[in-house]
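Colleague: Position 15 of the sequence shown, counting from 1, maps to 15 under the numbering used here, and the rest follow consecutively.
It is worth saying that the hints were derived from the structure and are not from the lab. No experiment lies behind these values; they were computed from the predicted model shown. Take the hints with a grain of salt, since some may be wrong.
Unchecked claim - Label pairs and their calculated CB-CB ranges: (1) 124 <-> 213: 32 to 40 Å; (2) 218 <-> 98: 28 to 36 Å; (3) 24 <-> 92: 57 to 65 Å; (4) 127 <-> 205: 17 to 25 Å.
Quick reminder that beta carbons are idealized off the backbone N, C-alpha and C, glycines included.
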Amino acid sequence: MDVFQQLTDDYNRRARLVPAILVVLPIAILAVLAVPVLVTLWGKVAALLIAAGLPFVASQVVRDRGQRVQQRLYQDWQGGPAEDLLRWRSAEPRPAVARRHSLVTKHLGIELPDAAGEAAQPGEADDAYRTAVTALRERTRDAKMFPLVVEENIAYGFRRNTYACRIPAIVVCALMALVTLLVAATGLLPLGWKQQAGLVTFDVVAAAGWALWCTADAVHRAAQGYGRQLVAALEILDSDRQQA
């Protein structure tokens with residue numbers, strides 16, 4: 001994926017690049033206020049090179065952290081929320097589960113176990129549910145046909161990735177607050193007291209936001225929303241098939 005695609009792809013931009021930008025925002029604000037704009041030729045060349053590579057690097061780092069966190073969260077949740085909607089042992093009404101199983105078999109060609117089969121071999125049943133969810137995910141990537149699925153996926157990706165970046169982001173905020181105080185106290189940078197207070201306040205508020213807003217519970221709620229919308233797409237597939 002090139003830089004243009006990095007910036008124009010909706011999922012990559014909103015679920016990966018935005019979390020990365022939020023992490024480095026305290027650094028950027030301090031730099032803008034304290035460091036003169038580079039005007040030399042070499043400065044412009046360096047800025048161009050950084051701008052060309054940063055979107056790709058940032059999105060990959062955030063993506064990797066998000067996937068590692070997702071593996072741990074799925075273990076805590078005993079699977080993804082979409083898979084849970086296919087389980088007989090979940091809190092879902094049995095007629096709803098039966099309907100979903102029927103649609104999975106009809107449109108994805110995947111046979112799912114009945115209640116007795118799941119109870120006898122829950123591990124193998126979960127493998128079948130994961131296979132079905134993966135197949136359904138591939139069938140619902142069209143943003144025009146499944147706009148709600150795509151939007152919920154982006155919302156989940158953003159929540160997951162911001163949670164994955166929470167600790168680094170808080171560390172960055174703390175370091176930037178400390179750097180602001182140090183450079184102001186030593187006179188290394190010409191920061192007035194209003195600038196100092198504004199920068200430190202921003203860092204404190206940002207750190208609190210990361211700690212309070214980017215939580216595992218928030219990720220779980222977003223994952224449930226995405227999982228429910230993904231499974232609901234089975235009805236759209238069924239409706240389109242009947243109309244064809």
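Colleague: Just to be sure I understand the hint, the distance between the Cβ atoms of residue 124 and residue 213 should be within 32 to 40 Å; is that true here?
Modeller: holds, 39 Å
Colleague: A range of 28 to 36 Å was offered for this pair. Does it hold for the Cβ distance of residue 218 and residue 98?
Modeller: holds, 32 Å
Colleague: Taking 17 to 25 Å as the stated bounds, is the beta-carbon spacing between residue 127 and residue 205 within them?
Modeller: Violated, at about 45 Å.
Colleague: Does 57 to 65 Å hold as the CB distance between residue 24 and residue 92, or does it fail?
Modeller: violated, 41 Å
Checked against the numbered hints above, the structure breaks hints 3 and 4 and satisfies the rest.
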